[in-house]
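Undergrad: Given next are the chains, with one letter for each unit.
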Amino acid sequence: MTDFDETEFEDDWDDELPWICEEKPWRWEEDGLTVTRGSSFTGPGCHDGCGVLMYTDKDGKLVKVEGDPLNTYNQGRLCIRCLALKDVVNHPDRLHYPLKRAGERGENKWERISWDEAIATIAEKFNAIKAEFGAEAVVFAQGTGRDIAPYLQRLAFSFGSPNYVCYGLAGNACMIPRLSVQMMSLTAITMPDYSQMLPDRYEDEDYAIPECVIIWGRNPLASNADGNFGHWCIDAMKRGSKLVVVDPRLTWLAAQADIWLQVRPGTDAALALGMLNIIIQEDLFDRDFVELWTYGFEQLAERAAEYPVEKVAEITWIPAEKILAAARMYAKAKPALIEWGVAVDMTKESVPITHAINCLVNITGNLDVPGGNVITELACNVSGYYGWGNELISREQFEKRIGMDKYPMLRYGIPLASPDEMCDAILTDKPYPIKAMWVQANNPIACMAADPKKTYDSMKKLDFVVVVDLFHTPTTIAFADIVLPAAAFPERNGVRAVFYYAQCINQAVQIGETKGDAEICRLLGKALNPEAWEPYESEMDVWDDLGAGSGLTFEEMRNYGQMIHPNIYRKYEEGRLRAYDDAPGFNTPTGRAEMYSTVMEGYGLDPLPYYEEPPESPYSTPELMEEYPLILTTGARQVAFFHSEHRQIPSLRATYPYPQIEINPEVAKEYGIEQGDWVWIENSFGRCQQKANITNVVPKWLVHADHGWWFPEEEAAEPHLFGVFKSNVNQLVPYNCGRSGFGNSYKTMICKIYKVKEGEV
Amino acid sequence: MSEYGLLIDYKYCTGCLSCDFACNQEHGFPLGQSGIKVAQFGPWEIDTDKYEYLFVPALTELCTLCSQRVEKGKQPACVQHCQSLVMTYGRIEDLAKQMVGKPKHVLYSR
Numbered sequence: 000m001t002d003f004d005e006t007e008f009e010d011d012w013d014d015e016l017p018w019i020c021e022e023k024p025w026r027w028e029e030d031g032l033t034v035t036r037g038s039s040f041t042g043p044g045c046h047d048g049c050g051v052l053m054y055t056d057k058d059g060k061l062v063k064v065e066g067d068p069l070n071t072y073n074q075g076r077l078c079i080r081c082l083a084l085k086d087v088v089n090h091p092d093r094l095h096y097p098l099k100r101a102g103e104r105g106e107n108k109w110e111r112i113s114w115d116e117a118i119a120t121i122a123e124k125f126n127a128i129k130a131e132f133g134a135e136a137v138v139f140a141q142g143t144g145r146d147i148a149p150y151l152q153r154l155a156f157s158f159g160s161p162n163y164v165c166y167g168l169a170g171n172a173c174m175i176p177r178l179s180v181q182m183m184s185l186t187a188i189t190m191p192d193y194s195q196m197l198p199d200r201y202e203d204e205d206y207a208i209p210e211c212v213i214i215w216g217r218n219p220l221a222s223n224a225d226g227n228f229g230h231w232c233i234d235a236m237k238r239g240s241k242l243v244v245v246d247p248r249l250t251w252l253a254a255q256a257d258i259w260l261q262v263r264p265g266t267d268a269a270l271a272l273g274m275l276n277i278i279i280q281e282d283l284f285d286r287d288f289v290e291l292w293t294y295g296f297e298q299l300a301e302r303a304a305e306y307p308v309e310k311v312a313e314i315t316w317i318p319a320e321k322i323l324a325a326a327r328m329y330a331k332a333k334p335a336l337i338e339w340g341v342a343v344d345m346t347k348e349s350v351p352i353t354h355a356i357n358c359l360v361n362i363t364g365n366l367d368v369p370g371g372n373v374i375t376e377l378a379c380n381v382s383g384y385y386g387w388g389n390e391l392i393s394r395e396q397f398e399k400r401i402g403m404d405k406y407p408m409l410r411y412g413i414p415l416a417s418p419d420e421m422c423d424a425i426l427t428d429k430p431y432p433i434k435a436m437w438v439q440a441n442n443p444i445a446c447m448a449a450d451p452k453k454t455y456d457s458m459k460k461l462d463f464v465v466v467v468d469l470f471h472t473p474t475t476i477a478f479a480d481i482v483l484p485a486a487a488f489p490e491r492n493g494v495r496a497v498f499y500y501a502q503c504i505n506q507a508v509q510i511g512e513t514k515g516d517a518e519i520c521r522l523l524g525k526a527l528n529p530e531a532w533e534p535y536e537s538e539m540d541v542w543d544d545l546g547a548g549s550g551l552t553f554e555e556m557r558n559y560g561q562m563i564h565p566n567i568y569r570k571y572e573e574g575r576l577r578a579y580d581d582a583p584g585f586n587t588p589t590g591r592a593e594m595y596s597t598v599m600e601g602y603g604l605d606p607l608p609y610y611e612e613p614p615e616s617p618y619s620t621p622e623l624m625e626e627y628p629l630i631l632t633t634g635a636r637q638v639a640f641f642h643s644e645h646r647q648i649p650s651l652r653a654t655y656p657y658p659q660i661e662i663n664p665e666v667a668k669e670y671g672i673e674q675g676d677w678v679w680i681e682n683s684f685g686r687c688q689q690k691a692n693i694t695n696v697v698p699k700w701l702v703h704a705d706h707g708w709w710f711p712e713e714e715a716a717e718p719h720l721f722g723v724f725k726s727n728v729n730q731l732v733p734y735n736c737g738r739s740g741f742g743n744s745y746k747t748m749i750c751k752i753y754k755v756k757e758g759e760v
Numbered sequence: 000m001s002e003y004g005l006l007i008d009y010k011y012c013t014g015c016l017s018c019d020f021a022c023n024q025e026h027g028f029p030l031g032q033s034g035i036k037v038a039q040f041g042p043w044e045i046d047t048d049k050y051e052y053l054f055v056p057a058l059t060e061l062c063t064l065c066s067q068r069v070e071k072g073k074q075p076a077c078v079q080h081c082q083s084l085v086m087t088y089g090r091i092e093d094l095a096k097q098m099v100g101k102p103k104h105v106l107y108s109r
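Line by line, the protein sequences are chains A and B. Going by numbering that gives the first Met the number 0, the first sequence opens with residue 0, and the numbers climb by one from there. Going by numbering that gives the first Met the number 0, the second sequence opens with residue 0, and the numbers climb by one from there.
One or more of the hints may lead you astray.
Claimed, not checked - DSS-like mimics (lysine-lysine), calculated; alpha carbons at most 25 Å apart, straight line: (1) K96(B) with K237(A); (2) K10(B) with K237(A); (3) K60(A) with K10(B); (4) K237(A) with K49(B); (5) K699(A) with K49(B); (6) K57(A) with K49(B); (7) K103(B) with K237(A); (8) K49(B) with K101(B); (9) K71(B) with K63(A); (10) K23(A) with K71(B); (11) K241(A) with K103(B); (12) K751(A) with K668(A); (13) K49(B) with K241(A); (14) K237(A) with K101(B); (15) K23(A) with K103(B); (16) K10(B) with K241(A); (17) K333(A) with K57(A); (18) K321(A) with K310(A); (19) K60(A) with K71(B); (20) K101(B) with K241(A).
Please keep in mind that the hints were generated in silico from the structure rather than gathered at the bench. Note that the coordinates shown come from a computational prediction; the quantities given were computed from them, not determined experimentally.
Isolated chain B (complex conformation) (with noise of 0.2 Å):
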């Protein structure tokens, strides 16, 4: 297992898809297929005024945290081109110590 990981701030993201894109441009994957999808939830009204609408990247099997962009320092694909700029690359320690106190944040190791 990598001792790096990613961390999102998912509070941000807006499923614009760019991370997807950017991926399988990255790695040639087949169409449809990339080592990021963005799952949506809601729209639904959970309170007055106050309503769900969440999108939320998940890494899949096809993830290697761009090691060979990482190699000459380059950001992985989807944290570089996330136009939220919610991505963060790093060890997961530091990244954990990162999370620590701030709401709707996830953090993922491969």
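So that you can see chain A by itself, here it is in the shape it has in the complex (with noise of 0.2 Å):
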């Protein structure tokens, strides 16, 4: 092990590496088969990258993934996803080779082209509309991804194009506004502390174990999300953590938990500052820290002061005393942290529960303190993994992003557009027309878009479109005009530098003629705009110049497997927040954690966390309750897949065959639905089918519906699309995001259930 001593951050490092890492051999022979060391850093889709070994036998075929137990970060552990990994790799049907459409769209007719002939032609197609319409008709999009936003964002921006957009992530409601409200109250991103920064992790000496562990909306044993390993929060608790369970539903953990909080759907916010307020009440916060670091804590302590927990009670469906236990448990507990999941994103109003969560961490002190929510830094120098290409477009087409001008708050964090005003604009030509669409690990009208027959419309309404996957997909038959086959992770070189560490992505196997995304991004690049791209000769350039702020080439990272960035806690009290003057305290207008925010307030939005109820719920719309009677909510993870994909991959398909609505025994026996009927879930905007699971995971005025599926052994060709409009949840959800372009109501939605009759499955 290097030792890390903090006076060695500097350029220069010819000796000793800052990192902390031992050198490892990347690749070896045993018994007969080829290891490679890498990491599982995608696709398929994930968003952990754990440390894996790779076994191919003397054909090269990959026959074997397991854990690499020299990574601290899974410690060999992996999850089905990976232990099926030779099953999607090897796949039948995966692409092996560029298509272009040989019939009408649709058609599901394709002709192999060479990757010379399919870069050119898009190449000629993207140039000939950004003549006439200018860069900007052009847009950029990806899926939740993992490993591509880099190179993507570069694409995007060295055409000239502004567009780059999670197309259909209606209020871009996934980790983006968590990401974007702590970027203007603390100008960090934290994550909770596992010990993942180190190296020695839960016996290290400067960790110590939270006392209670919040789980808040997030079910992190089956959706390993936003790079923290699920498993992590059980490591706790067997050392003792406390667990607090945010959830409408009983989940495995809610079951498990001290105090489990059945929260109604999109009530966080209130639920937030009920808990501050108690604990300012009772004299339980931090108030060195909240003097010391803090902006605003008056004007919060007043805000919250209108959320007493009996009115907390009435609004949240939560038993006050509940509520009371759970505050006091979290204040009292030294340290303490909260896990957050996807659901504080997805209602409508998603910034203030974010904001006030993020005052939870505050006024503890627990904010980046050893065993609580812990600010990240660039892993090992890494940054060209953040903004790459920044710098390539001009201010006049950066103005140009959809979406901006309605909703100042894009300008932070990720520069994304607005999925919402991006689908209106295409399908109005209003502020100006769109007219191609590059579509790259993302399958919208399957799974992440809101509203899915609109953004069909929209995407059907293009002149061009373009898909980049690992398999034909409802989206590349609906729309492509060209498909490029992707590679999975095990099929190309990369880097994984987030949050914690870097390590190479190393290649094990050749698939057909499949690319990583990276390299898919050059290739189109370097034909739009080749000077922008002339210092990328090679694949191997891109990953050298990406982690040239490691000190190292790519041949010389892949010695050293993992680098663990080394950390140092209370990052605001040593300057490392304000890089231009090392100043103590925060990037801020205040210099200080805003808990009154000076940026929302100049853009005109509320500087403080605030509740509102959802726009469809039994006390916004009681007359719709009468038709509806039951609260919707959707999304929650299955661990044998990744959104909308591995429904192709037979032993992952074994352990949930189909997507699944699951309905208290009660509820069931009222409307006459019996285990596996299939169930007609109906609201104003729309209707699908789910299979029933009758079951006490959700109570009887709940009812929770899976999302992503599709069924890749029907029929491609339209319109059956693989089926992809016959269980998708997301028909009864519209696009209607939150006043600061944040938020939708995915998870807060109602709706009526009825039995589907003969025929009509």
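Got two chains here, each in a separate frame; can you build the complex from them with the hints?
TA: In structure tokens, the structure reads:
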């Protein structure tokens, strides 16, 4: 191990690397197989990037994937999506070659073409559209991706288009609101501290086990979201952490929790404000931290006082005594951490939820302390990973980004366009025509798009669409003029540098002519703007440049396996959040962690957290509840799937064969629904069918429906499109983002349910 | 009978199925077959605010305790990949001693 010394944080580290690492082989032979050490980052989609060992046979075929016991992140563990990875890589339906459409769109007729022809055709089309309508008429769209954002953004910006977007994700309602609020109020991103930044993990002398863990709107055991290995919370529970779970569903974690707060979906801001009020009223907050490092405590206290616990109990449907107990447990525990999930983004007014939860971390002094919510830094200075190519777009073009005039908060965090406004822009040609879309690692009409039929209409209107993916999907079939075959992670090289460590993604196999996402962006980038991509003669040049901040080339980095970025807690004390003057504090206008956000105030938004009732609910729309009496929440994760992926992998599909709606036994009885019946789920926006799973996981007032379903085994051609509209619950979810431009009601709808009649299945 | 076995702290088994899949991959068993399968119980309410929601792995006839892996100094495939790290491979005699006084543990012999 290389000892870390802060003085070594300089450009000159000739003798010794400042990263915690040791040399490890990245390839060796074992019992007639070749083993390649790498990182599972991505595709298939995954938020983690665990350390993996990939075993290939003498024919170069991937035969086994194991966890890397030497990787501190997953410590040899793996979830079933990686344990079944060979079945993804070797699947007969994988896209192996570039394809161009041979029939009409939607007919599923294709002709194999070369990469050269594909890239030349795309460049010609994009350049023609740019000449006539401007570069902004070409949209570059990704899904949740992972290991795609830097390349796609650079591709868009080097072409001159500001329209880089998570197309279909209404209100950017996944992680982006959380990032944006943290960037505004802290100028930093926090993660729950499960010792992942320390080489000796839980045994490290710098670490303290959280006395209390709050898991808020997340099921980490299945989701493994946001660079947080899901089972770390189990590690903490085994070491004595008390558990509070905020979830409307009785998940396994909720059943084990010391306190389960069964929240009504979308009322989380009221809960957080109520907890803030209790902690302030009972003088349980960290006065020193608040006085030294935060801004706006008095105003926050005043706002929180509007949420006495009885009122919060009425709003959230959580008994007052449980709210009191949870607030006290969290505030008295030293340290304590909160891990939050996508549910806090997936309600219309999501920004105030995130803001309020951040305030809980702040007033209890759990910000950037061991076992609290820790501030992340650029992993091993691999700065290229964030905002690669920012400098390539002109200010004039940048300002044309769709939605930025209406939603100024889009200026903070990731430079993404508004998906909501983009959908309207395509359909109306306002504020300007959109003519083409590059879709990479995104299957919006099957997965994240709100109102998938409106989204479908918008994409059908485009003159030219390219889709890059591992498999044909409803999106390739319905819209693509050209389809490019993406590599899964064992088929490519790369660098994973997220939050805590950097590691090489090492290629172990070659499948057909697949290429990695970054390489595909490089090839098109060179064709569209040779000057901007001039330094990148090969894929290796990309990795060398991207990883340059680490002081190592790709080939050098390979020999170190995982390189951990040494962590220093309480970075605000050390001036580490203000690179420009090294002064203590935060890089906000007030220099403090802003609980009263001066930035939000400047944008005309409420600078304090607040609660607003979801647009469809028993209180907002009581008249609709007569027809649609159930609250509908969606999108709980299954261990077998990453969003809309993995449905064609037999072993994974066998664990969860159909989309399911969870219905409470009493409700099922009332409606005459039996286990396994196909059920219509319907509201004023639309309907879909899923199979009934009658279970105590949901209370009588709630049903939960799965997201991301399509049926790769069914007919591909239109109108069927692998049955994409049969079970897609987002047909019940409109585009309706919050006033900041962030958030959407994915988890807070209402519905009725009834049995599907014979012949309707 | 092997003098080795598996001790499982099933209080923290989350039903993630990594043991089942790791075993199936290691030995190349047909789809759905494995040396270890996981059973689910619940969820149901036992008492006010107290729930039964339990996963318990069980070894099948296919389990070899990964003797070939163990010979090479590796952990059995299920033990290594268990995301909750609740499985211990060892001599049954030693594991039985470890089990004393611990709730929700199960010891398997083969």
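Undergrad: For each hint, tell me whether it holds in the structure or not.
TA: Checked hints:
A distance of roughly 20 Å separates the Cα atoms of K96(B) and K237(A); the hinted pair therefore holds under the 25 Å criterion. Restraint check for K10(B) and K237(A): the C-alpha separation of about 10 Å stays at or below 25 Å, so the hint holds. This hinted pair does not check out: K60(A) and K10(B) have alpha carbons roughly 39 Å apart, beyond 25 Å. Between K237(A) and K49(B) the CA atoms are separated by roughly 19 Å; this keeps the pair inside 25 Å, and the hint holds.
Only pairs whose Cα atoms come within 25 Å are accepted, and K699(A) paired with K49(B) is accepted, the gap being roughly 18 Å. For the proposed pair K57(A) and K49(B), the alpha carbon gap of about 54 Å is over 25 Å, so the pair is violated. A hinted pair counts as satisfied when its Cα atoms are at most 25 Å apart, and K103(B) with K237(A) qualifies at roughly 13 Å. At roughly 20 Å between alpha-carbon atoms, K49(B) and K101(B) fall within 25 Å of each other, so this suggested pair holds.
Of the pairs offered as hints, the one joining K71(B) and K63(A) holds, with about 17 Å between alpha carbons and a cut-off of 25 Å not exceeded. A distance of roughly 19 Å separates the Cα atoms of K23(A) and K71(B); the hinted pair therefore holds under the 25 Å criterion. For a cut-off of 25 Å, the pair hint linking K241(A) to K103(B) stands: about 18 Å separates their Cα positions. With a C-alpha separation of about 14 Å, the suggested pair K751(A) and K668(A) falls inside the 25 Å cut-off, and the hint holds.
Proposed proximity of K49(B) and K241(A) is supported: the alpha carbons are some 15 Å apart, at most 25 Å. For the suggested pair K237(A) and K101(B), the alpha carbons sit about 13 Å apart, so the restraint of at most 25 Å is met. The hinted pair formed by K23(A) and K103(B) fails the criterion: a straight-line CA distance of about 39 Å is larger than 25 Å. The suggested pairing of K10(B) with K241(A) holds, with an alpha-carbon distance near 15 Å, which does not exceed 25 Å.
The suggested pairing of K333(A) with K57(A) is violated, with an alpha-carbon distance near 54 Å, which exceeds 25 Å. For the proposed pair K321(A) and K310(A), the alpha carbon gap of about 14 Å is at most 25 Å, so the pair holds. Simply put, K60(A) and K71(B) have alpha-carbon atoms about 23 Å apart, close enough for the 25 Å limit, and the pair holds. A C-alpha spacing of about 19 Å is found between K101(B) and K241(A), which places the hinted pair at or below 25 Å, so the restraint holds.
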